[in-house]
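Heads up: the protein sequence lines correspond to chains G and A, in order. Counting from 1, one number per residue, gives the positions in the first sequence under this note's numbering. Counting from 1, one number per residue, gives the positions in the second sequence under this note's numbering.
No lab work stands behind these hints: they were computed from the structure. Each hint should be verified, as a subset may be incorrect.
[To be verified] Rough simulated footprint, nothing fancy, chain G against chain A, three-plus residues with beta-carbon under 8 Å:
#1 19 to 32
#2 84 to 92
#3 124 to 135
[Claimed, not checked] To be clear about the criterion: a stretch of chain G counts as covered by chain A if any three or more of its residues have a C-beta under 8 Å from a C-beta of chain A, and this derived list gives those stretches:
#4 23 to 30
#5 115 to 126
#6 135 to 141
#7 148 to 157
#8 167 to 174
[To be verified] Once the Cα atoms are required to be at most 25 Å apart in a straight line, the calculated DSS-like pairs of lysine-lysine come out as:
#9 G:K174 with A:K154
#10 G:K77 with A:K154
#11 G:K77 with G:K155
We treat Cβ as the ideally placed atom computed from N, Cα and C, and that holds for glycine.
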Amino acid sequence: MKLLPSFKDIFKPAPITIDSTPILVKEINNLSQLITITAYSEIVVDSVKPFKVPVFPGVSIPIHSFDDEIVLIGKGKVLAGVDLGKLQEKDIYTNDDSVSVTLPKAEILQVITNPSDFETFNEKGNWNDNEVIAVKVKLRDKMIADAMKQNILPKAAAIANVMMENFLRSVGFKKVTVQ
Amino acid sequence: MQDQLQQVMALQQMNDLATAQYVVTKIIKANDNQTWYKVGDRKILMSCKATLTAGIDLSAITPKNVQIDDKNINLQLPHAKLISINIKPEDVEEVYETEAPFRDPFTSEERNALAIQAETQIKNSVDSLGILETGEKNATLFISNFLTRLGYQKVMIHFD
Chain G
1 MKLLPSFKDI
11 FKPAPITIDS
21 TPILVKEINN
31 LSQLITITAY
41 SEIVVDSVKP
51 FKVPVFPGVS
61 IPIHSFDDEI
71 VLIGKGKVLA
81 GVDLGKLQEK
91 DIYTNDDSVS
101 VTLPKAEILQ
111 VITNPSDFET
121 FNEKGNWNDN
131 EVIAVKVKLR
141 DKMIADAMKQ
151 NILPKAAAIA
161 NVMMENFLRS
171 VGFKKVTVQ
Chain A
1 MQDQLQQVMA
11 LQQMNDLATA
21 QYVVTKIIKA
31 NDNQTWYKVG
41 DRKILMSCKA
51 TLTAGIDLSA
61 ITPKNVQIDD
71 KNINLQLPHA
81 KLISINIKPE
91 DVEEVYETEA
101 PFRDPFTSEE
111 RNALAIQAET
121 QIKNSVDSLG
131 ILETGEKNAT
141 LFISNFLTRL
151 GYQKVMIHFD
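Full structure from sequences and hints, please.
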């Protein structure tokens, strides 16, 4: 049984806990989005603010050992699918047990990079809120670009077609065409 | 600023119909005054906006969950679930910060740790916000309208 705290624990900083403040609902939106694929990414961002000493007007010497540096590891998700809210009357055709549906184009529906998705691997110097946001936004843009390179939209469209086809068969149609 | 990027990626199929989206806000308030050997307080106020999305898993709809009687259809859907919580980096903003003369400002890591606590509190509040009920109501509305456009006259939907 430990009666006294260890030396290490005595000098351990107390955790900072946020107050329990109310959560306010600002907007409620109706959606009809078919989410068919998620791309999970893990990206390392290393950003540096070079330290320079001015020697003459307009001339400065960089001293790299004094550079400010931040290294973030960011995990995130890119969700893609089709927005069924864009379906129009002309996109649906039925005749007895036959149905034909033309789905809207697949699109990126959400890009998720929550605070819990980020880990600060290294932070040297002062990084204000806006500078860190800029690094995180750059990381998010890279996530979208990578997902596009992985052909996320054609894959999302193909899965949406299969899902819609299965749904239409489940609700009784025998001849189903989805495009 | 110079940036270097490296990435790892994996793809996963989903079958969700997102039907409700709530935008919520929360003030993040913290006071760092509990460490005995640190002289003076540090206080921070941040604002946080989160977008919550709820909907239903469409893959759960199979022929055994559907009963058809001529132009009438009875559909059993799974209960709505939270699909995502999305707090964009630019939606967490520092509003105010103050520190005593012998204290350092909050680092980005410390600010992010506070935002993670807010994220957890928002996640835990999902049941009380009513988004799942709205998700089911909107799913009923959307699927009823869709099936009506497909030619059904009476659409009955229930959740199990």
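**Q.** Hints violated by the structure (numbers, ascending)
**A.** Result: hint 10 breaks, nothing else.
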